[in-house]
Every structure is written in C-alpha cells, then in structure tokens.
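**Student:** For the record, the sequence lines run as chains A and B.
Residues 1 to 59 in this note's numbering are what the first sequence spells out, letter by letter.
Residues 1 to 418 in this note's numbering are what the second sequence spells out, letter by letter.
Be careful, since some hints might not be right.
[Claimed, not checked] The calculated DSSO-like cross-link candidates involving lysine-lysine, where the alpha carbons are at most 27 Å apart (straight line), are:
(1) B:LYS410 / B:LYS13
(2) B:LYS333 / A:LYS16
(3) B:LYS331 / A:LYS16
(4) B:LYS371 / A:LYS52
(5) B:LYS407 / A:LYS52
(6) B:LYS333 / A:LYS14
(7) B:LYS13 / A:LYS46
(8) B:LYS407 / B:LYS13
(9) B:LYS119 / A:LYS46
(10) A:LYS46 / B:LYS285
(11) A:LYS52 / B:LYS415
(12) A:LYS46 / B:LYS410
(13) B:LYS4 / A:LYS52
(14) B:LYS331 / A:LYS46
(15) A:LYS46 / B:LYS4
Simulated from the structure, these hints should not be mistaken for lab results.
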Amino acid sequence: MKENKCCCSKKQKKLKVVNIGLQTFAESLRAQGVTVAQVNWRPPRKLDSEMKNILDDLL
Amino acid sequence: MNIKEKIEQANQKAVSEIIDADPVWVDILPAGEVIDGLEPNMILHSGPPIEYKDMVPLHKRGMVSGALFEGLAKTEAEAVAKLESGEIKVSSALDHNTVGAGTGIITSHISMIVVENRKTGVRAATFPAEGPFQGGLCGWGLYTEEIAANLRYMTNELFPVMRELIHKRGGLPIKPILAEGMQMGDENHTRQTAADYIFNTLILPDLFKMDLDKKTLMKVMDYIVQTPRFFHCYGQGASMSALLSAKGTPYSTMTVAFGGNGVEFGIKVAGMGDEWFTAPAMMMKGRYTSSQFSEKDQLPWIGDSCVVECAGLGGIAAAASPIVCSLRGLKLKDAIALTREMEQICISKNHNYPIPNLDFDFLPCGVDIRKVVKTGISPEIHGGMFNHEGGLIGAGSARINLQCFEKALKAFAQKYRD
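Generate coordinates for the entire structure from the input sequences, incorporating the hints supplied.
**Tutor:** Structure (structure tokens):
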C-alpha cells in the first residue's frame, strides 16, 4: 500500500491560515494550535432599491 | 458644491464641535433655573417623547414620584389623574438641554450639575447620583420619604458647599479627566473608576481649604467619595453640551442624541433639528447580578446616558476599557475589535483620546447615519439593565435598532436631496 500523505502530516509544512469573515472559525483553529491571521470582513449589506439610491446620492 | 461635498463639509464641522468642545463644570442649579423650557408643572423623562398612558410601569411610577416630590399632587391617585389629564405635562429630557439617565425623572426643584461648553457657551445640566440611594428618584424613579429627605438634604446642605467650591475654583474642566480616565481603564459609561479618583484628587483639596466646620466638611467629602460612579453625570454633561453645539448643523448626517424610554429607542441627527427617529427599544446582552434574573426580567432599553456613545465614549471606547468588556465575557482583543468596528461608522477620530490598547491610536468619533445604514454596523452602547419593577439587575450592551438610522436617512434624503 502507498503511504498516506495527507495535508495534516507532520512531515508537511506547518499549517498557516488566513480566515476571512466569521471569527469563530479562526478561534477554533487557534484552539488547535494553528496560526491564524484574521481578516475582518462581512458581505455587503443587502439594501432595497430606495435605500441603495439614497446612499448612491449621499455617500 | 454637490450634495456629497456639502455633507462631508457639514460633518467635519459637526464632529469638530465634539472634538474641540471645552466642557467645564461651572455650577449647581435647580433644574427650573438651568433647563430651557422646563415648566413648573412639567416632568421630564428619558428617551423619545411618549404619553403617560403609553409608558412602561417604571416610567409611570417615576412620573408619580416626581409629582409627589415636586408637590404637584398630594397623593398617588391625584398624581395619576393629573398626568392622565395633562394638567401635569410630560416631556422628553433630550428635547431640552439635559439628559435623562435611567428613567430620567427631572422636575423644577431637582438640583442639577451644570456643564458649560466654553467654546460655544452652550450649557447642559445633568442630575448627580443620589448618594446612598444611587439612582434614587431621578435615575430609578423610586420615591420614599427617605429618598425625598435625601434630595432635600443634598439641595439644602451639600450643594451650597459644592456650589461655593466650584465658584471659587472658577470651574473644573471635564475633558482632561475623561482623557486621563480612558488611559486608566475607563470607557466613561459603565466604568468611571479612574475618573472618580482623578476628580477627587482635584476637588477635595479645594474642599479642605474652605472655611467649614468639620461635620459639614466630612459630610460633603463622604458624599463625593462614597457615591458610586460620582463622575458619571459630568461625562454626560460634557457629552450633551458638545452635542447640543453640533445640533442644527445643516446637511450634517452625524447623530446628536441617543435615548430610550423602554418602549422605543430614538436618535436625532445634526441636520434634522429636533426630529426624532424611533424604533422598538432593544434588549441588552450582558451579565446579570444574580442567576435568578434572565431576559424576561429585563426592561427594553431605558435611559439617555448613551449620549456618551453619541459623543464617542462608552461602547465606542470599548478598547479603552477591557475591564468593562470582560464583565460580559469578552477578551481584550474583542474590546479592541469593537472600537475598530466603530471606526467604520464614524466621521473622524478624536485626538484628545489616545488609547494605550490601540497603540495610542485615537478613538473614533461622530456616528454617521449613512455609514450605519450602508454597513449594517450599529453603534455599540453600554449600560445598566433595569427590571420591570425598578432597580438594576445587570450591566451589558446593546446595538441600536437599525431602523432608527434607516428612517433618519430617508427623512434626510427627503429634506436635502436635490
């Protein structure tokens, strides 16, 4: 049988993660000793057309 | 100049009224002498305007308490009848030059701390904590013979001494105390521990220099030193005097008032005069004082002390006070993230407040309704939790109902859009 070379193998490079958005994903990885860079991001807010037009005009 | 440029210019002007304000404690006066438009038969309350019949029980009780204290009625039944008929008028504190912390019960003979913004001459009045009764009548709407006697004692014995003290001193600048306190772990809403100490250090030497008998001196000192969060009313007065200076700036989308009445929460916007924009009052998240309490015991947001957030303190300044944030289970990094998040909805940064936990970056300042609506990020406001019967049952935070900002922006567009 071939040796199983999964990405988590200790022979592989140490895992480093950039997590975008939901912070709990970063926290759960950190709790397992993984180095995580957190990028605060959230999807753009969905607005109705009236509010979108107002913001386009005023901001 | 197009409308976007006009708004940007107006917002810079409005936010500079907060940043460049010079709030100074100048006096203690009866509410009837310092609050514009407060009539002898009028009782003020926290939050946006509401009729007596629609008030939550805590506010109704406060109104009756205020009527009894002021001598507008001899019995509770008479007070209720006069409040229902309109013989006793009710009015929102934030529609005057004052702040209704908690229930915000203010009548003509309540003694108020007067803070003057020396840059503009605008004065705001806030009621001080009631010594051993803490919230007492004004903040918690409670009324007993002991509370009434304490209020009379404060007015007749304590405050004449403090009035003479502050007059001799020529005023006490508030901003340096806020700034230093926020470098020492305060956010100046839920916590003003450091500010209390700084205030005491500045005021007590002047008190001891006065020609007072020892008994009087000790009583005044005990009141100042032993009253929890004594400085809170000064932070509110400083905030309100700055916000009132910004109110009425044409084309500005900056908020100038936040407050709740237990039914609705409301905001005001600099470019929209005294118009309120309201939505259902929010529930708070935080820590209760006892495991017997839960959300069902909690009254939706009541109180105007969140004017401090409107002026860039409190929840906006979460990074300054991880101690407050830890009360509800947050870590230092969460407190920093909260303030960083607030940057996204604010107009500027306040160079008066460099914060160690932000590597001495400045606190954000001046909430812009456009940015709140665009991002969906609502201002974080700190505060105490009231239960339905009165009294504090916890402390925590809330995010202002976004509908307030959406309504405000639609009205703003209707008024100003070409």
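**Student:** Checking against the hints above, which ones are violated?
**Tutor:** 7, 9 and 14
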